[in-house]
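Q: Now for the letters of each chain:
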Amino acid sequence: DGGITQSPKYLFRKEGQNVTLSCEQNLNHDAMYWYRQDPGQGLRLIYYSQIVNDFQKGDIAEGYSVSREKKESFPLTVTSAQKNPTAFYLCASRLTQNTEAFFGQGTRLTVV
Amino acid sequence: RKEVEQDPGPFNVPEGATVAFNCTYSNSASQSFFWYRQDCRKEPKLLMSVYSSGNEDGRFTAQLNRASQYISLLIRDSKLSDSATYLCVFSPYGGSQGNLIFGKGTKLSVKP
Numbered sequence: 065d066g067g068i069t070q071s072p073k074y075l076f077r078k079e080g081q082n083v084t085l086s087c088e089q090n091l092n093h094d095a096m097y098w099y100r101q102d103p104g105q106g107l108r109l110i111y112y113s114q115i116v117n118d119f120q121k122g123d124i125a126e127g128y129s130v131s132r133e134k135k136e137s138f139p140l141t142v143t144s145a146q147k148n149p150t151a152f153y154l155c156a157s158r159l160t161q162n163t164e165a166f167f168g169q170g171t172r173l174t175v176v
Numbered sequence: 710r711k712e713v714e715q716d717p718g719p720f721n722v723p724e725g726a727t728v729a730f731n732c733t734y735s736n737s738a739s740q741s742f743f744w745y746r747q748d749c750r751k752e753p754k755l756l757m758s759v760y761s762s763g764n765e766d767g768r769f770t771a772q773l774n775r776a777s778q779y780i781s782l783l784i785r786d787s788k789l790s791d792s793a794t795y796l797c798v799f800s801p802y803g804g805s806q807g808n809l810i811f812g813k814g815t816k817l818s819v820k821p
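So the sequence lines, in the order shown, correspond to chains A and B. Last residue of the first sequence: 176 in my numbering, with the numbers rising by one and none dropped. Last residue of the second sequence: 821 in my numbering, with the numbers rising by one and none dropped.
Since the hints were made in silico from the structure, they are not lab data. Please note: incorrect hints may appear among the correct ones.
[To be verified] What follows is a set of in silico ranges between Cβ atoms, one per label pair, in the way DEER data are often shown: (1) C749(B) - D123(A): 38 to 46 angstroms; (2) K134(A) - E765(B): 35 to 43 angstroms; (3) N162(A) - S818(B): 28 to 36 angstroms; (4) N721(B) - N82(A): 38 to 46 angstroms; (5) N92(A) - P723(B): 40 to 48 angstroms; (6) G127(A) - E765(B): 18 to 26 angstroms; (7) R750(B) - K134(A): 26 to 34 angstroms; (8) T163(A) - P723(B): 43 to 51 angstroms; (9) N148(A) - G763(B): 26 to 34 angstroms; (10) S735(B) - D118(A): 26 to 34 angstroms; (11) V116(A) - Q740(B): 18 to 26 angstroms.
Every residue, glycine too, gets a C-beta built ideally from N, C-alpha and C.
So here's chain A without its partners, still in its complex pose (with noise of 0.2 angstroms):
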């Protein structure tokens, strides 16, 4: 089946260290997007790539960092200068820029 995948599900992250998050899709999307949702809160953009090995900064990059050197992948690091990384990440995909987004599943990333 064609999608978008996010892993893991749930992550837990130690104070000072850097995690990666996963983002896959099979359904041949040039567009893919990182958004961070706070809880109550709306989308907020983080990175977007329109074309492999292009990437653009969105409203909060500050403390992430992106990769996009496959048209399917396009993973997500939170560094340690993030300080509040708490939260709900989305990644989605679209095909062109007058198609739906897809998303997947997210990542609910905890700091312990």
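Given the coordinates of chain A, work out where chain B should sit on it, guided by the hints.
A: Just chain B now, kept in the frame of chain A:
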């Protein structure tokens, strides 16, 4: 004016009621519009795209008013399972969001 504005609710309605949500947008060059549904602690899922002529899917009707720059979602004969947060999403030309702008959502609670 904010890029997108939605009434956060909550809208508390009895089963069987008809309820409508609006979402206003500021970018007049916007070209694609969508309604998503998000259940608690889950990822957003596409409910329906919004077409210029308006469109219907079962109990759900979406409308676009370009002159007044808003989209609407009408839910007829509300079910308990309709309880969720409804996000309006639009895709403007250009912009810094990777061409995908999310509203913060309207919370709907359908009561027995």
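Q: Decide, hint by hint, whether the structure agrees.
A: Going down the list of hints, with the structure as the test:
| no. | hint | result |
| --- | --- | --- |
| 1 | C749(B) - D123(A): 38 to 46 angstroms | violated (24 angstroms) |
| 2 | K134(A) - E765(B): 35 to 43 angstroms | holds (40 angstroms) |
| 3 | N162(A) - S818(B): 28 to 36 angstroms | holds (33 angstroms) |
| 4 | N721(B) - N82(A): 38 to 46 angstroms | holds (43 angstroms) |
| 5 | N92(A) - P723(B): 40 to 48 angstroms | holds (44 angstroms) |
| 6 | G127(A) - E765(B): 18 to 26 angstroms | violated (44 angstroms) |
| 7 | R750(B) - K134(A): 26 to 34 angstroms | holds (30 angstroms) |
| 8 | T163(A) - P723(B): 43 to 51 angstroms | violated (36 angstroms) |
| 9 | N148(A) - G763(B): 26 to 34 angstroms | violated (42 angstroms) |
| 10 | S735(B) - D118(A): 26 to 34 angstroms | holds (28 angstroms) |
| 11 | V116(A) - Q740(B): 18 to 26 angstroms | holds (25 angstroms) |
Hints 1, 6, 8 and 9 from the earlier list are contradicted by this structure; the remaining hints agree with it.
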